[in-house]
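*Asks:* Each chain, written out:
Number of protein chains: 4
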Amino acid sequence: MSRFLTKTCPRLILAGCLPAPAARSARTYASTASPISQFDWEDPLLSKNLLTGEEVAISETAERYCQEQMLPRVLRAYRDEHYDPKILQEMGELGLLGATIKGYGCAGVSSVAGGLITRAVERVDSGYRSGMSVQSSLVMGGIDDFGSAELKERYLPEMAKGTLLGAFGLTEPNHGSDPGSMETTARPHPTKNGYYLLSGSKTWITNSPIADVLLVWAKLQETGKIRGFVVDKRDAPAGTLETPAIKNKNGLRASITGMIHLADCPVPKENMFPHVEGLRGPFTCLNSARYGIAFGTMGALEDCITRARTYALERKQFKGNPIAKYQLVQKKLADAVTDAAYGVLAAIQVGRLKDEGRATPEMISMIKRQNCDRALYNARVLQEIFGGNAVSDEYGIGRHVANLFVTQTYEGQSDIHSLILGRAITGLQAFV
Amino acid sequence: MSRFLTKTCPRLILAGCLPAPAARSARTYASTASPISQFDWEDPLLSKNLLTGEEVAISETAERYCQEQMLPRVLRAYRDEHYDPKILQEMGELGLLGATIKGYGCAGVSSVAGGLITRAVERVDSGYRSGMSVQSSLVMGGIDDFGSAELKERYLPEMAKGTLLGAFGLTEPNHGSDPGSMETTARPHPTKNGYYLLSGSKTWITNSPIADVLLVWAKLQETGKIRGFVVDKRDAPAGTLETPAIKNKNGLRASITGMIHLADCPVPKENMFPHVEGLRGPFTCLNSARYGIAFGTMGALEDCITRARTYALERKQFKGNPIAKYQLVQKKLADAVTDAAYGVLAAIQVGRLKDEGRATPEMISMIKRQNCDRALYNARVLQEIFGGNAVSDEYGIGRHVANLFVTQTYEGQSDIHSLILGRAITGLQAFV
Amino acid sequence: MSRFLTKTCPRLILAGCLPAPAARSARTYASTASPISQFDWEDPLLSKNLLTGEEVAISETAERYCQEQMLPRVLRAYRDEHYDPKILQEMGELGLLGATIKGYGCAGVSSVAGGLITRAVERVDSGYRSGMSVQSSLVMGGIDDFGSAELKERYLPEMAKGTLLGAFGLTEPNHGSDPGSMETTARPHPTKNGYYLLSGSKTWITNSPIADVLLVWAKLQETGKIRGFVVDKRDAPAGTLETPAIKNKNGLRASITGMIHLADCPVPKENMFPHVEGLRGPFTCLNSARYGIAFGTMGALEDCITRARTYALERKQFKGNPIAKYQLVQKKLADAVTDAAYGVLAAIQVGRLKDEGRATPEMISMIKRQNCDRALYNARVLQEIFGGNAVSDEYGIGRHVANLFVTQTYEGQSDIHSLILGRAITGLQAFV
Amino acid sequence: MSRFLTKTCPRLILAGCLPAPAARSARTYASTASPISQFDWEDPLLSKNLLTGEEVAISETAERYCQEQMLPRVLRAYRDEHYDPKILQEMGELGLLGATIKGYGCAGVSSVAGGLITRAVERVDSGYRSGMSVQSSLVMGGIDDFGSAELKERYLPEMAKGTLLGAFGLTEPNHGSDPGSMETTARPHPTKNGYYLLSGSKTWITNSPIADVLLVWAKLQETGKIRGFVVDKRDAPAGTLETPAIKNKNGLRASITGMIHLADCPVPKENMFPHVEGLRGPFTCLNSARYGIAFGTMGALEDCITRARTYALERKQFKGNPIAKYQLVQKKLADAVTDAAYGVLAAIQVGRLKDEGRATPEMISMIKRQNCDRALYNARVLQEIFGGNAVSDEYGIGRHVANLFVTQTYEGQSDIHSLILGRAITGLQAFV
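Chains as they are written, first to last, in my numbering: chain A, 10 to 441; chain B, 10 to 441; chain C, 10 to 441; chain D, 10 to 441.
Hints should not be assumed to be uniformly reliable.
To be verified - To be clear about the criterion: a stretch of chain C counts as covered by chain B if any three or more of its residues have a C-beta under 8 Å from a C-beta of chain B, and this derived list gives those stretches:
no., segment
1, 241–247
2, 354–367
What the hints assert, rightly or not - Mimicking BS3-like on lysine-lysine, the simulated pairs with C-alpha atoms at most 27 Å apart in a straight line are:
no., chain 1, residue 1, chain 2, residue 2
3, B, Lys57, C, Lys57
4, A, Lys242, A, Lys201
5, B, Lys242, B, Lys161
6, C, Lys325, A, Lys328
7, D, Lys161, D, Lys228
8, C, Lys256, D, Lys325
9, A, Lys325, B, Lys256
10, A, Lys234, A, Lys278
11, D, Lys278, D, Lys111
12, D, Lys256, C, Lys325
13, C, Lys256, D, Lys256
14, A, Lys256, B, Lys325
15, C, Lys328, D, Lys234
16, B, Lys234, A, Lys325
17, D, Lys325, C, Lys228
18, C, Lys161, C, Lys111
19, C, Lys242, C, Lys170
20, B, Lys95, B, Lys256
21, A, Lys228, A, Lys242
22, D, Lys201, D, Lys161
23, B, Lys328, D, Lys328
24, A, Lys95, A, Lys256
25, B, Lys328, A, Lys234
26, A, Lys161, A, Lys95
27, B, Lys328, D, Lys228
28, C, Lys278, C, Lys161
29, A, Lys325, C, Lys328
30, D, Lys170, D, Lys242
31, A, Lys57, D, Lys57
32, C, Lys328, A, Lys328
These are calculated hints, taken from the structure and not from any lab test. Predicted, not measured: the structure shown is a model, and the values here were computed from it. By construction, the Cβ of each residue, glycine as well, lies at the ideal position given by its N, Cα and C atoms.
Work out the full structure, taking the sequences as your base and the hints as a guide.
*Replies:* Written out as structure tokens, the structure reads:
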């Protein structure tokens with residue numbers, strides 16, 4: 010614990026300056042150990058028992074920040090479809106960005122600790138977690154895994170602080186589930202040596218309108234192979250790069266999403282990832298982000314449980330009974346609590362394997378698919394408990410439902426992960 | 010057919026003035042009979058075979074209006090959470106309001122015809138259908154069933170035209186599923202003879218902010234029994250009646266919803282329904298509205314099918330195959346098409362029984378519950394077909410999903426209908 | 010009604026000789042009209058309203074026979090995996106075999122009436138209905154549709170009486186869902202003019218061990234096209250035809266199932282269906298049988314509802330409450346009753362279209378798939394109501410559950426029908 | 010590992026004498042570590058990583074015995090509804106009975122090791138696991154937890170060897186889910202000092218017909234409190250104790266089930282558990298057995314997966330494709346594999362907590378409910394892969410499906426566990 014809180018990441022000391030949680034927080038932290046033999050509906054299978062002291066501390070710091078600083082902003086942000094980039098800066102100050110990366114001012118924590126951070130953020134909103142995932146897993150993780158030493162030095166420290174924002178450009182308008190068919194290309198600059206020209210369009214790119222740096226995947230004209238390029242917006246000549254926002258989304262409205270249009274945008278050769286070719290590059294980044302989603306969505310589900318339970322205890326119908334007393338309501342709660350507990354265990358297990366180098370992409374497909382699916386399913390069922398009141402956005406659960414549907418479709422739509430698993434189980438591919 | 014189009018409701022002649030459907034419509038009408046032995050995915054069990062010529066004509070008129078006049082407005086209306094009251098006027102001009110009522114300028118069509126109208130409207134948007142249901146079934150229907158001759162003459166003709174709008178005040182903030190516990194009261198005016206003073210609050214009242222006339226249910230102080238009052242906003246003294254809008258809804262954003270606050274609002278005794286006491290009054294109105302919901306939601310589901318099918322045929326992934334070719338996609342379509350076909354048959358059957366006086370409230374609970382549940386379930390599954398693109402509101406399916414969730418919770422939340430059915434099946438009540 | 014009961018099929022007069030139902034029957038017939046506005050859990054959407062008087066009479070005759078004569082035998086038959094061929098004779102005496110066929114001693118009733126018979130039989134046991142479906146729809150129906158006048162005259166009258174039994178040989182060990190790949194062949198007899206020699210194996214053939222006549226589908230060597238042959242067991246030389254029983258089944262144990270092994274079995278050319286080639290022949294037969302399954306499984310589901318409801322009313326747990334009073338139990342009943350009601354309406358609708366020549370195979374795929382799936386699903390859920398007692402075969406519901414699983418897999422496994430529907434909806438086939 | 014294999018339980022040496030698994034086993038043991046980064050569909054989330062070497066060894070010993078010795082007998086046993094008591098003796102010889110008990114010749118292994126044994130046994134058949142659970146958890150566990158030193162010495166060593174068999178009498182014909190209402194009584198013997206007379210009936214008692222010792226729960230007449238009695242069949246006077254078998258079960262046919270009828274059966278006071286009163290006694294035993302069920306059912310599910318996968322790879326339909334190549338088949342496999350992986354992780358977690366004294370009964374309700382429900386659900390879905398062939402008992406999956414339904418209903422029917430969880434989550438009971 011000490012390393013995280015004091016040495017690697019002194020900024021976390023700030024956490025201590027926050028008001029005591031009891032005073033302000035919307036959520037009571039399970040910071041004191043449950044007495045033995047007491048069932049805790051917030052951690053029904055005592056997953057906390059599997060965490061190190063450091064991990065518990067990180068989780069508590071993240072939860073406190075999220076409940077106290079982020080939660081009060083989300084209702085309005087979602088209504089207005091507005092994303093405040095300061096949130097990433099605040100996260101940076103707490104050491105929450107790129108937290109699993111070693112060096113470059115990053116905290117260097119375990120994968121499980123990284124997952125606990127995503128859970129804390131997604132307990133507030135999946136959109137906020139998406140913004141963080143892009144910064145931490147997709148862009149910083151990609152640069153850390155595949156970038157040259159120079160790229161790392163140039164970008165990671167500022168990104169860790171949240172003062173430089175990133176976006177990840179893989180998906181194209183006509184190629185969602187099948188990125189191998191991408192059409193974006195990089196060709197040698199006809200006149201300017203040491204430069205590529207990138208052309209093509211990317212869509213559904215979280216953070217693209219506010220990002221300073223875009224990690225863009227494109228096919229190198231010379232080889233036809235997919236390569237990764239760090240496109241620095243600040244260096245792009247006018248007219249070669251646009252990142253318009255996409256508005257009027259059904260979900261993840263508290264995050265910002267856009268496109269990337271490249272029209273012969275020049276990028277220096279040094280900004281190309283040197284050693285990774287083909288889909289291995291983007292898939293490695295996605296793998297890491299998917300792990301965060303698998304853990305994060307459990308936070309959203311847990312928040313739905315808390316909200317539904319509170320509502321059910323307070324709402325009285327038929328002879329003054331709280332509706333929490335009705336069998337049909339209790340079954341909904343029992344199902345959701347169970348799925349959340351199982352999902353957290355699976356996420357912890359895969360995190361441990363990840364740090365041991367034993368996690369396979371299929372494992373991450375499995376937990377990404379299952380946790381998103383079950384979070385969404387249960388959130389929807391819990392929403393029924395609110396009856397007609399669910400239509401008011403004040404109760405928050407409709408926002409989670411809308412968000413979780415999106416998490417089920419991005420970074421591998423659920424059916425695609427089914428087929429990835431099916432292929433791993435049978436040895437036969439069924440995509441076509 | 011002739012009666013509907015020419016005698017009872019001459020305004021329907023207007024329908025003939027609309028441009029030919031082929032020229033403008035977003036939907037191809039199945040107006041020419043399918044050739045024998047050809048499966049029609051839009052009417053898989055040939056429910057049209059069960060309709061009269063008049064009903065087919067009414068359905069086509071309504072569909073044409075909805076696709077041509079309403080559909081182009083809905084995207085913006087939903088985004089902006091704005092309801093245009095002119096829509097009810099247009100419906101009135103076509104004879105679509107209170108269409109099953111006989112006399113008073115109403116069309117006097119069959120229950121099935123009424124259901125076909127709700128299907129046409131809800132194919133566009135459940136919010137538009139909600140606005141119409143309130144006007145037609147809850148308020149006009151209530152006045153027609155229980156109002157004095159004077160009330161009928163005074164209100165029905167204008168309401169049929171859509172120039173006078175109504176709202177239905179039953180649900181209270183603390184009494185949703187259990188209206189029998191309502192707190193709104195009517196007491197004799199202490200000084201003004203022949204008047205009651207109404208006090209209390211109603212919530213989630215569709216149309217209340219724009220309504221001219223409110224059908225309010227309140228407990229008569231003298232008897233403790235629930236009675237119905239037609240509260241004419243135009244006669245309410247300042248400060249006794251407010252109908253503020255509720256904003257920031259998760260669904261039904263193209264309809265307008267509000268509260269009703271009554272503070273010693275004086276209502277003349279003649280505006281009380283003379284002969285109905287207790288829950289029979291509001292439940293009769295609800296019964297009629299629920300029938301419309303049961304039929305209407307099938308329209309929303311059918312629109313989801315159409316949209317998902319089109320998308321699946323156009324969207325290509327993996328070696329250029331349209332995703333409609335994939336088994337997992339086809340199963341989703343097959344399930345939805347089946348549920349829509351079954352739901353329409355059930356709605357027609359109950360409509361016929363209704364007109365024969367053989368429909369029981371439990372039948373309507375059954376089809377309201379089942380059709381809302383299956384419409385919602387399938388809409389959600391079909392939404393998966395759109396993958397990440399589903400998050401864009403341009404595809405429309407997310408709007409249906411959000412709307413259909415609300416239809417599942419209003420006018421009897423699904424679980425409440427389960428218990429109504431359970432009671433009818435077992436003879437035992439399980440509400441408490 | 011009169012035609013059925015007196016003219017076409019005088020044997021039905023026997024029905025009048027049965028003891029009065031009130032005295033012995035396990036089921037109360039809804040023969041007297043329900044009073045208006047009374048919900049009838051046994052016919053919740055009043056499907057009876059859609060039947061002719063003749064159809065009601067046929068249904069009652071069939072129900073009475075099934076409840077009084079078949080029901081008492083089924084428990085032992087299922088335990089012992091024993092099928093009593095006398096049952097088909099009894100059905101024949103009542104005019105229940107090949108009932109929709111006109112002439113040849115058959116009753117010539119409507120498709121809906123035929124469906125009502127399968128519902129009555131399957132209310133007792135899906136195995137008994139299977140035995141009847143093979144005789145009536147697959148074999149008699151096949152001969153009636155495609156056989157020469159001589160074949161009809163020779164076989165149909167005796168089959169209608171149940172004194173001559175049939176089996177239908179289409180499925181092969183390696184070709185279940187894809188009969189077009191069948192390996193059974195018919196080649197011209199090398200020496201005996203006017204004869205074919207049939208060779209190959211068929212499996213999962215209901216009734217094959219007890220059948221006198223086998224309708225076998227084989228590829229004609231000369232053309233490679235599938236043709237139908239009426240193989241008369243009585244004429245097969247020793248060693249050329251075997252029909253061993255398959256024992257130790259998980260379901261349908263009250264029916265008898267076997268294989269057909271043909272080793273150069275000689276069949277006269279006159280026994281080949283003259284004008285039908287390819288899969289149209291067997292698929293037409295299957296279509297008719299599938300219609301019977303769609304209607305029949307609703308009977309099995311209805312019996313599960315009756316049994317579960319009775320058990321729930323009689324079983325008391327927790328302070329002496331009948332478990333029927335619990336919400337979780339009522340929901341199970343409400344769901345099942347709803348699906349049964351919807352399924353019956355769909356079956357009636359398709360029956361009417363069938364008689365009008367407007368039913369397509371996809372419609373039958375739809376109702377076969379949906380009704381089998383929902384019958385199975387709900388039967389399983391209802392079985393939960395019995396708790397630990399469900400394991401006893403005395404309660405009957407476990408038998409229905411096991412049977413209904415088989416109905417979901419035969420005559421088109423559920424997924425195959427999904428793909429048939431998917432093809433019809435999208436115009437794209439996804440089988441391979 | 011050494012302690013288990015050599016010191017505590019020398020009989021396990023026998024395991025070494027069994028033929029090498031490769032030669033005969035129906036299952037390949039995952040005894041050699043998977044290479045890193047290789048997805049293993051038999052252990053998708055690498056739960057083995059959480060086991061000690063000893064636990065792995067125990068699991069392998071148990072799996073080997075079960076696959077080699079038990080599996081070949083089960084098909085016939087199930088068909089004939091015959092249980093061979095020698096199986097318990099063989100288990101005893103291997104040290105598998107009461108394995109978590111310390112002393113008395115028991116192996117004293119961890120709860121997880123105990124769970125791995127149940128998984129190995131239930132991979133073959135839930136009935137065999139039931140027979141073992143009764144012996145190990147319910148009776149031996151009960152005596153170990155609550156019996157006097159004399160009772161332990163007298164019974165545990167022989168029971169550990171499997172030479173003395175036990176049964177557990179709690180459930181009564183009229184009191185399944187609510188044992189607190191039991192009617193069996195113990196009254197002081199009117200003439201014989203130091204004896205109680207037990208009267209009452211117990212039903213659905215696994216092993217009762219073959220048991221030597223019955224652990225019977227009865228209400229003490231003097232206090233009205235429930236107490237536990239070890240009823241030794243060998244001491245019961247003629248006519249006071251009968252344990253007839255219940256035949257014709259739908260599931261668990263490879264286990265033996267019966268009743269216990271007590272008619273003033275004398276039991277010495279020393280055979281009453283001295284210090285435990287009320288439902289705490291039986292619920293503690295059930296808790297332990299339920300843990301075994303939660304882990305065991307995962308074995309049954311895993312066997313269904315293996316069987317379905319093998320079938321899908323071997324079965325070819327449509328252009329010679331193995332059906333494992335179809336999307337609808339792959340999705341079924343992916344779902345089942347995921348649920349099995351999650352369920353195993355949860356079972357391991359609760360086992361660890363159990364050994365730390367931190368497992369609550371609600372945790373065990375949670376994993377018992379979820380693992381039984383998911384095992385059953387997935388087994389049924391996997392069964393669909395077999396199409397019509399599923400009806401043959403040779404494929405084994407139908408047996409698992411029938412068994413798993415029973416596991417869902419016994420030792421707490423699924424809905425009862427939902428309400429136990431609901432109570433723990435909300436603080437409100439909803440049983441009545």
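*Asks:* State for each hint whether it applies.
*Replies:* Do the hints match the structure? See the list:
1. 241–247: violated (count 0)
2. 354–367: Since three or more residues must qualify, the claim that chain B covers the segment 354–367 of chain C holds, with 9 doing so at under 8 Å.
3. B/Lys57 <-> C/Lys57: holds (20 Å)
4. A/Lys242 <-> A/Lys201: Within the cut-off at roughly 19 Å; holds.
5. B/Lys242 <-> B/Lys161: holds (17 Å)
6. C/Lys325 <-> A/Lys328: This hinted pair holds, its Cα atoms lying about 24 Å apart.
7. D/Lys161 <-> D/Lys228: Roughly 23 Å between the alpha carbons, so the hint for lysine 161 of chain D and lysine 228 of chain D holds.
8. C/Lys256 <-> D/Lys325: Given that 27 Å is the threshold and the Cα spacing comes to 24 Å, the pair holds.
9. A/Lys325 <-> B/Lys256: holds (24 Å)
10. A/Lys234 <-> A/Lys278: holds (15 Å)
11. D/Lys278 <-> D/Lys111: holds (26 Å)
12. D/Lys256 <-> C/Lys325: holds (24 Å)
13. C/Lys256 <-> D/Lys256: holds (20 Å)
14. A/Lys256 <-> B/Lys325: holds (24 Å)
15. C/Lys328 <-> D/Lys234: With Cα atoms ~17 Å apart, lysine 328 of chain C and lysine 234 of chain D stay inside 27 Å; holds.
16. B/Lys234 <-> A/Lys325: Since the Cα atoms of lysine 234 of chain B and lysine 325 of chain A sit roughly 22 Å apart, the hinted pair holds (cutoff 27 Å).
17. D/Lys325 <-> C/Lys228: holds (20 Å)
18. C/Lys161 <-> C/Lys111: This hinted pair holds, its Cα atoms lying about 11 Å apart.
19. C/Lys242 <-> C/Lys170: Holds, at about 18 Å.
20. B/Lys95 <-> B/Lys256: With Cα atoms ~20 Å apart, lysine 95 of chain B and lysine 256 of chain B stay inside 27 Å; holds.
21. A/Lys228 <-> A/Lys242: Holds. Lysine 228 of chain A to lysine 242 of chain A sits at ~20 Å (cutoff 27 Å).
22. D/Lys201 <-> D/Lys161: Distance ~25 Å between lysine 201 of chain D and lysine 161 of chain D Cα, so the pair holds.
23. B/Lys328 <-> D/Lys328: It holds: about 20 Å lies between the C-alpha atoms, which stays within 27 Å.
24. A/Lys95 <-> A/Lys256: Holds, because 20 Å separates the two Cα atoms, which is no more than 27 Å.
25. B/Lys328 <-> A/Lys234: holds (17 Å)
26. A/Lys161 <-> A/Lys95: OK: lysine 161 of chain A and lysine 95 of chain A at ~23 Å, within 27 Å.
27. B/Lys328 <-> D/Lys228: violated (72 Å)
28. C/Lys278 <-> C/Lys161: holds (15 Å)
29. A/Lys325 <-> C/Lys328: holds (24 Å)
30. D/Lys170 <-> D/Lys242: holds (18 Å)
31. A/Lys57 <-> D/Lys57: Distance of about 20 Å is within 27 Å: holds.
32. C/Lys328 <-> A/Lys328: Holds: lysine 328 of chain C and lysine 328 of chain A sit about 20 Å apart, inside 27 Å.
Consistency with the previously given hints fails for numbers 1 and 27, ordered from lowest to highest.
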